[in-house]
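Novice: Just so you know, the protein sequences line up as chains A and B, in that order. Per my numbering, residue 0 is the first one in the first sequence, and the count goes up by one each step. Per my numbering, residue 0 is the first one in the second sequence, and the count goes up by one each step.
Source of the hints: derived by calculation from the structure; they are not laboratory data.
Treat identical chains as interchangeable: a pair holds within one or across any two.
Only pairs whose alpha carbons sit at most 30 Å apart, straight line, appear in this in silico BS3-like list of lysine-lysine:
| hint | residue 1 | residue 2 |
| --- | --- | --- |
| 1 | 265 | 125 |
| 2 | 8 | 350 |
| 3 | 358 | 245 |
| 4 | 358 | 234 |
| 5 | 234 | 362 |
| 6 | 125 | 245 |
| 7 | 165 | 180 |
| 8 | 265 | 165 |
| 9 | 350 | 161 |
| 10 | 362 | 125 |
| 11 | 350 | 180 |
Number of protein chains: 2
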Amino acid sequence: MSEIKTLTKPVPPGGVIGIIGGGQLGRMLAMAAARLGLKAAVYNDENHAPAFQVTPLQIAAPYDDRNMLTGFAEICDVITFEFENLPSDAIAHLASLKPVRPGQRALEITQDRFSEKSFVQSLGLKTAPFVAVTSVQDAATAFAQMDGAAILKTRRLGYDGKGQSKVTSGAEAQAAFQHFKGAPSILEGFVDFAFEASVVAARAADGSFAAFDPPENIHENHILRRSIVPGRLSKAQSDEAKAIAKAIADALDYVGVLAVELFVGKDGSLAINEIAPRVHNSGHWTIEACACSQFEQHIRAVAGWPLGDPARHADAVMENVIGAEADAWESLARSGALHLYGKREARLGRKMGHMTRLKPLTK
Amino acid sequence: MSEIKTLTKPVPPGGVIGIIGGGQLGRMLAMAAARLGLKAAVYNDENHAPAFQVTPLQIAAPYDDRNMLTGFAEICDVITFEFENLPSDAIAHLASLKPVRPGQRALEITQDRFSEKSFVQSLGLKTAPFVAVTSVQDAATAFAQMDGAAILKTRRLGYDGKGQSKVTSGAEAQAAFQHFKGAPSILEGFVDFAFEASVVAARAADGSFAAFDPPENIHENHILRRSIVPGRLSKAQSDEAKAIAKAIADALDYVGVLAVELFVGKDGSLAINEIAPRVHNSGHWTIEACACSQFEQHIRAVAGWPLGDPARHADAVMENVIGAEADAWESLARSGALHLYGKREARLGRKMGHMTRLKPLTK
Numbered sequence: 000m001s002e003i004k005t006l007t008k009p010v011p012p013g014g015v016i017g018i019i020g021g022g023q024l025g026r027m028l029a030m031a032a033a034r035l036g037l038k039a040a041v042y043n044d045e046n047h048a049p050a051f052q053v054t055p056l057q058i059a060a061p062y063d064d065r066n067m068l069t070g071f072a073e074i075c076d077v078i079t080f081e082f083e084n085l086p087s088d089a090i091a092h093l094a095s096l097k098p099v100r101p102g103q104r105a106l107e108i109t110q111d112r113f114s115e116k117s118f119v120q121s122l123g124l125k126t127a128p129f130v131a132v133t134s135v136q137d138a139a140t141a142f143a144q145m146d147g148a149a150i151l152k153t154r155r156l157g158y159d160g161k162g163q164s165k166v167t168s169g170a171e172a173q174a175a176f177q178h179f180k181g182a183p184s185i186l187e188g189f190v191d192f193a194f195e196a197s198v199v200a201a202r203a204a205d206g207s208f209a210a211f212d213p214p215e216n217i218h219e220n221h222i223l224r225r226s227i228v229p230g231r232l233s234k235a236q237s238d239e240a241k242a243i244a245k246a247i248a249d250a251l252d253y254v255g256v257l258a259v260e261l262f263v264g265k266d267g268s269l270a271i272n273e274i275a276p277r278v279h280n281s282g283h284w285t286i287e288a289c290a291c292s293q294f295e296q297h298i299r300a301v302a303g304w305p306l307g308d309p310a311r312h313a314d315a316v317m318e319n320v321i322g323a324e325a326d327a328w329e330s331l332a333r334s335g336a337l338h339l340y341g342k343r344e345a346r347l348g349r350k351m352g353h354m355t356r357l358k359p360l361t362k
Numbered sequence: 000m001s002e003i004k005t006l007t008k009p010v011p012p013g014g015v016i017g018i019i020g021g022g023q024l025g026r027m028l029a030m031a032a033a034r035l036g037l038k039a040a041v042y043n044d045e046n047h048a049p050a051f052q053v054t055p056l057q058i059a060a061p062y063d064d065r066n067m068l069t070g071f072a073e074i075c076d077v078i079t080f081e082f083e084n085l086p087s088d089a090i091a092h093l094a095s096l097k098p099v100r101p102g103q104r105a106l107e108i109t110q111d112r113f114s115e116k117s118f119v120q121s122l123g124l125k126t127a128p129f130v131a132v133t134s135v136q137d138a139a140t141a142f143a144q145m146d147g148a149a150i151l152k153t154r155r156l157g158y159d160g161k162g163q164s165k166v167t168s169g170a171e172a173q174a175a176f177q178h179f180k181g182a183p184s185i186l187e188g189f190v191d192f193a194f195e196a197s198v199v200a201a202r203a204a205d206g207s208f209a210a211f212d213p214p215e216n217i218h219e220n221h222i223l224r225r226s227i228v229p230g231r232l233s234k235a236q237s238d239e240a241k242a243i244a245k246a247i248a249d250a251l252d253y254v255g256v257l258a259v260e261l262f263v264g265k266d267g268s269l270a271i272n273e274i275a276p277r278v279h280n281s282g283h284w285t286i287e288a289c290a291c292s293q294f295e296q297h298i299r300a301v302a303g304w305p306l307g308d309p310a311r312h313a314d315a316v317m318e319n320v321i322g323a324e325a326d327a328w329e330s331l332a333r334s335g336a337l338h339l340y341g342k343r344e345a346r347l348g349r350k351m352g353h354m355t356r357l358k359p360l361t362k
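Start from the sequences, fold in the hints, and give me the full structure.
Specialist: Quick look at the structure:
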């Protein structure tokens, strides 16, 4: 096994940040790098990636193409990701060539719902009840342990509700498991939450930590519809959310921005739904409402720069522009800060952009 | 003479904004276009232009290369500028191929200090006293009309104090004119100002208008050091500054962002120092302090989109990072929103980046 490369000093202005994944998150990361005088190189498995429009340094090749990954690593000073699902051996290969941030352990833990939730519980933090399901028999047994309805989720590669199925009986749980073609899964109990929230935070290699104010999030059809900051979280809940993010980031020896999705219970308690080891849709409002956005914060952390100030200087509502909603770009542009991602096709459920509306700071 | 192309409908997302000039202003314009889902194509007369780092669509060729300008125009939906000094026939050539915004007349008037000041006076607006100087004899005659010290300025191609010389006698005025190799010039009387300010504003093709709050500006060695908003302008002065910008933009049938540099007299009156038919250094604070920056506002105007909201939601101080000051990037990054422009050499007096510090909104 090759040695892992580490970053011993900050990437200076003019240096190259490698970004694996060229979707909207990669695009906004590349633009944030440019603000700081850093260059962005983007690696994506398809042509016409949104991020390819904002940098001349780009490679389109499969994520398991060893030679292309090697060539990409050669032009980069440090490598990061817009998504957590890169094959583990591709990450290991990159890490043998150039510093990779966040590190492989954080990516591996969060690639798998079971290991992620087990990790969270090991920190003494609350999650929804969950049980591993590896067989049809497991599915029924697991359901019997739940308090009524539950959700079967594949352990890997789920996002925006993909690889998830709500079940209300042992038989349904078994059918869902078969529908997932027997992919290793977990059965997760429902949390009786009042609303959803998230916390987006950054940790630098020196252990310094900065969290943005946690927004309240509203989902529709398993896709984030809207993030509101300040939302319904109390000051104490907001502080607790930031402390949760810090505990997780510290335990992972994390470098970069991560997001923790939370359930805010009717009893006021916070339970952890999911960790995203990357910038997050619920942090897009930071572009307008903070002097340092989540994207710049991530670039600062991975490049070894000092973290920026996460202070919020306006209230904000971020709303996703989904599918054909983007056709109304002209009227959307009239009503707030519109971001469009340069995607060619407005497919159903596809995130085409987002809108942020600011209001004077209230708290 | 070829017909001038006009924009009959907005450039839709995915369209291409052509930007002539690849310095920091072109770079920040390109990034603003990308936010809106528009592509930026950059034309610059040297390789390694800052703006070339933020788009794959780029041409490096002389500004009078007819064939390259033609090729550039072919990939663009509309063309704009980061600077006002493109040769007039190059502008005319581009305008015969694709819509050019702002239009040729605005550029021509503002390329020449004498025609610019005459135009401003024709609107009933105040300027410093000025006299055209076209001969050594003129220089002495002009000085005699001034009240003590004056500044000889070449009519064309001056910026950041270049092509300017302070003179305190008729003989010095003559010597300065000879030093400028007899280039057509103006002699400008000093204005006894309390401080300097500027107003950055946008006008759309439909006549709609939006002005940012005018900052107070502090210059050092003829280069902008710092812009402060709110500065020392009263509400009435701020409103007057915006009205001046509107009068100028309307009279020029202007499309895009323009900046008007102002002297705020000890008597409280505003005199116009200079018009810049483009985004302006004194508007950089809008990136953090407004939901729509001057760069996005310019792109919106030239692309035929609705103008954005120029409301300011924080107080701001913008400070340029000049020459070797950029070496301290790590400590600068600690103290605010740092922008670096990707320039390779930190030459003396060269603008390498800028810093914006935000404070809670006071007025």
